[in-house]
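Numbering (the numbering used here), first residue to last: 365 to 483.
In silico SDA-like pairs for lysine to any residue, Cα to Cα no more than 25 Å straight-line:
#1 Lys-431 x Pro-405
#2 Lys-417 x Ser-444
#3 Lys-439 x Val-452
#4 Lys-384 x Val-452
#5 Lys-417 x Asp-383
#6 Lys-384 x Phe-373
#7 Lys-380 x Gly-407
#8 Lys-439 x Ile-474
#9 Lys-384 x Asp-472
#10 Lys-374 x Tyr-440
#11 Lys-431 x Phe-400
#12 Lys-374 x Pro-455
#13 Lys-374 x Tyr-414
Hints were generated in silico from the structure; no laboratory data involved.
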Amino acid sequence: GLDPAGPMFKSAARSKSLDKTDARFVDVIHTNINYFGLSRPIGSADFYPYNGKTQPGCSFPKNIIQKCSHSMSHKYFTESILNPWSFVATPCGVVKEYRGRDSCNGTDVIFMGEHTSTR
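Input sequences plus hints: build the corresponding full structure.
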């Protein structure tokens, strides 16, 4: 899922929005949780580049209505196809474990995007 829509879907039933049961493996890249995207984890693996908030190059006033950050998920996923090992991530048990910190505890790494491990 590429920054799944938040407006109109935040309280929707699982059957009405993207969910980890929609496929054998659902990876989600959240890039705009404050405006257009969902903040809650909904996939088998959920990634929150830059805490899922304003993405690099998308700061005010260039991006008054936040479309830039929302569309960065597409750019990140495309880049992950072209350069499979570009986005290294550290797994966290839950989003709350990470929020407000620079990293999660642990030494494991996974790659965000097309080549995310399904294990």
